[in-house]
Amino acid sequence: MLIAITFYLLAFTAIAAAFMVVAARNPVHSVMFLILTFFAAAGLFILMGAEFIALLLVMVYVGAVAVLFLFVVMMLDVDFVELKQGFLSYLPAGLIVAFIILAEMIMVGAAYFSGASKTVVPTDPETSNLERFGEVLYTDYAGAFEAAGLVLLVAMIGAIVLTLRERKGVRTQNAMDQIARTREEGVELVDVEPGQGLG
Amino acid sequence: MSVIQLPVMQAATETAIAVVDERNWVLWTALKTGQVLLFVLSLALLVAALVLADRKIWAAVQMRRGPNVVGAFGLLQTIADALKFFFKEIVIPAGSDKFLFILAPVLGLIMAFAAWAVVPVAPGWVISDINIGVLYVLALSSLGVYGIIIGGWASNSKYPFMGALRSAAQMVSYEVSIGFIILTVIFLSGSMNLTTIVDTQGAGFWNWNMFRLNPTGDLGFWNWLIAPVMFYMGVLFFISALAETNRPPFDLPEAESELVAGYQVEYSSTPFLMFFFAEYVNIMLLSAMMTILFLGGWHAPINVSLPFGWQVLPFIWFFLKTAFLFFMFAMVKAIVPRYRYDQLMRLGWKVFLPTALAAVVIVSTVVVFASDKAV
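Which chain is which? The protein sequence lines are Z and D, in order. When the first sequence is numbered by our numbering, its final residue is 636 and no position is left out of the sequence of numbers. When the second sequence is numbered by our numbering, its final residue is 535 and no position is left out of the sequence of numbers.
Please keep in mind that the hints were generated in silico from the structure rather than gathered at the bench. All values reported here derive from a predicted model rather than from experimental measurement. Ideal Cβ placement from N, Cα and C applies to all residues, glycine included. Some hints could be false.
Derived contacts from chain D toward chain Z, CB cut-off under 7 Å, selection only [stated by the list, open to error]:
id : residue
1  : W188
2  : A190
3  : G231
4  : N291
5  : Y296
6  : S302
7  : I309
8  : V332
9  : F432
So these bits of chain Z aren't anywhere near chain D, every CB distance computed over 12 Å [stated by the list, open to error]:
id : residue
10 : F444
11 : F449
12 : A460
13 : I472
14 : V510
15 : M512
16 : A535
17 : Y549
18 : S551
19 : V573
20 : T600
21 : A612
22 : E622
23 : G634
Kindly generate the complete structure, drawing on both the sequences and the hints.
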């Protein structure tokens with residue numbers, strides 16, 4: 438009963454917030470609704486007993502990715518009205534994407550309810566989510582896992598290479614030099630004659 | 161290991177578990193609500209005490225008296241300040257996003273309190289003993305930044321916005337190194353459950369993760385190899401905690417000499433009070449987390465025997481350690497000058513992150529190597 442109520446509450450929140458991501462006039466509000474969607478999805482994961490994925494979703498997407506989204510969107514200087522003008526012309530493309538996703542979801546649901554797929558709930562209640570994940574990731578899917586890590590590394594290096602530029606005339610500070618400074622180097626006592634100045 | 165069973169919350173939790181078995185969720189919800197209220201009320205009272213302690217310590221370092229007018233020794237100063245804030249007018253700037261402007265401090269306060277749900281303050285004294293408690297705390301502390309970003313943006317003003325951007329960059333940066341530091345503790349305990357992490361450390365300060373001087377443990381003499389690494393990790397965690405809570409010397413989001421008061425500039429009255437409150441609850445949370453992860457939680461540092469066979473309650477030890485860490489927070493605030501922003505970022509990304517990564521490699525290698533030999 439409680440679980441059913443919670444499920445419908447979270448599911449409704451997720452869908453309504455996802456709709457508002459598109460419908461909101463202000464892009465910052467859109468990002469806020471996106472965060473709410475992530476949150477509701479995390480709640481649904483917890484209901485399914487996948488608490489590890491749920492917290493990972495909150496940590497990675499809400500705690501890091503959405504913060505960067507918010508950063509970019511807050512600092513953009515865009516005319517919201519102008520941005521919304523082509524809204525209706527994109528509608529067919531959006532509908533096609535929505536239709537494809539709907540079809541996929543129906544197929545997944547059909548496969549699940551026909552009993553052809555594995556269960557999403559861990560079979561052994563004594564083993565935690567985390568241990569099962571570790572076992573599967575580092576044994577059955579070790580190759581794929583390492584490959585994913587490699588792809589991320591390449592992406593990271595690529596991002597750094599793209600944004601790294603040599604800037605001339607920028608004065609930088611060497612922290613080691615600063616720490617190694619002594620009082621003798623930094624302070625000079627000068628006895629100035631009255632009315633003379635340092636000249 | 162003899163653990164004194166304390167009836168209050170232990171009994172409540174056990175009843176709660178029994179009740180869940182009968183699927184009587186109404187009673188269960190009532191019990192948990194009671195525990196949550198107990199936590200929130202004690203935290204609120206503690207914040208009042210801590211704000212005063214903070215000011216008194218700061219004053220003592222500067223050879224001042226500190227607040228000493230309201231109540232005996234100024235004990236009621238915080239209450240007076242809080243009342244003053246409550247009765248002030250809430251000023252909402254004209255160009256601000258009103259809904260988000262009010263939402264921001266509420267969000268910050270909720271996140272700060274919610275993280276306490278998994279913190280065990282004594283054996284069995286925890287609202288929810290989930291098996292990935294560490295992740296939960298990390299996730300919620302990474303959400304605390306939203307209160308500040310939204311507040312800064314919704315104010316529609318220069319200084320708050322710059323303060324918010326600084327704060328977000330700072331908190332996201334230090335979260336990365338905090339994650340790696342906690343990872344070393346998780347390797348040593350073999351669990352993400354906070355209660356298990358405390359239990360694997362045991363009584364006696366030589367068993368705690370920060371010192372690890374006991375060669376008779378699971379890792380044998382390898383313990384001495386990772387002892388300096390873990391001590392260093394403890395120090396890094398403390399400094400990262402300062403940055404994570406925007407405390408001096410890392411209080412750049414509200415650096416008053418450059419940004420007036422950072423993200424709080426446009427806030428007044430109760431919303432400001434909520435930001436203020438959330439900050440202190442977060443400081444307490446990170447002190448408690450450091451107590452749990454590195455200082456053995458509720459375990460006694462040395463065997464203390466009292467007359468009549470009494471024992472010091474585990475909660476008292478937990479409280480004393482957390483209070484000591486808060487004292488350190490206050491001392492740092494009084495003694496250390498503020499960092500410059502680029503120095504702060506350099507420290508986080510170029511010093512803390514690489515060393516924490518190296519420590520993860522060393523600790524995990526030693527743990528795997530030692531357990532291979534034992535088998």
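So, going through the hints one by one against the coordinates:
no.	hint	in the structure
1	W188	violated, 9 Å
2	A190	violated, 13 Å
3	G231	violated, 41 Å
4	N291	holds, 5 Å
5	Y296	holds, 6 Å
6	S302	holds, 3 Å
7	I309	holds, 6 Å
8	V332	holds, 6 Å
9	F432	violated, 22 Å
10	F444	holds, 14 Å
11	F449	holds, 20 Å
12	A460	holds, 16 Å
13	I472	violated, 7 Å
14	V510	violated, 9 Å
15	M512	violated, 8 Å
16	A535	holds, 29 Å
17	Y549	holds, 26 Å
18	S551	holds, 30 Å
19	V573	holds, 17 Å
20	T600	holds, 15 Å
21	A612	violated, 6 Å
22	E622	holds, 20 Å
23	G634	holds, 30 Å
The structure fails to meet hints 1, 2, 3, 9, 13, 14, 15 and 21 from the earlier list, while all remaining hints are met.
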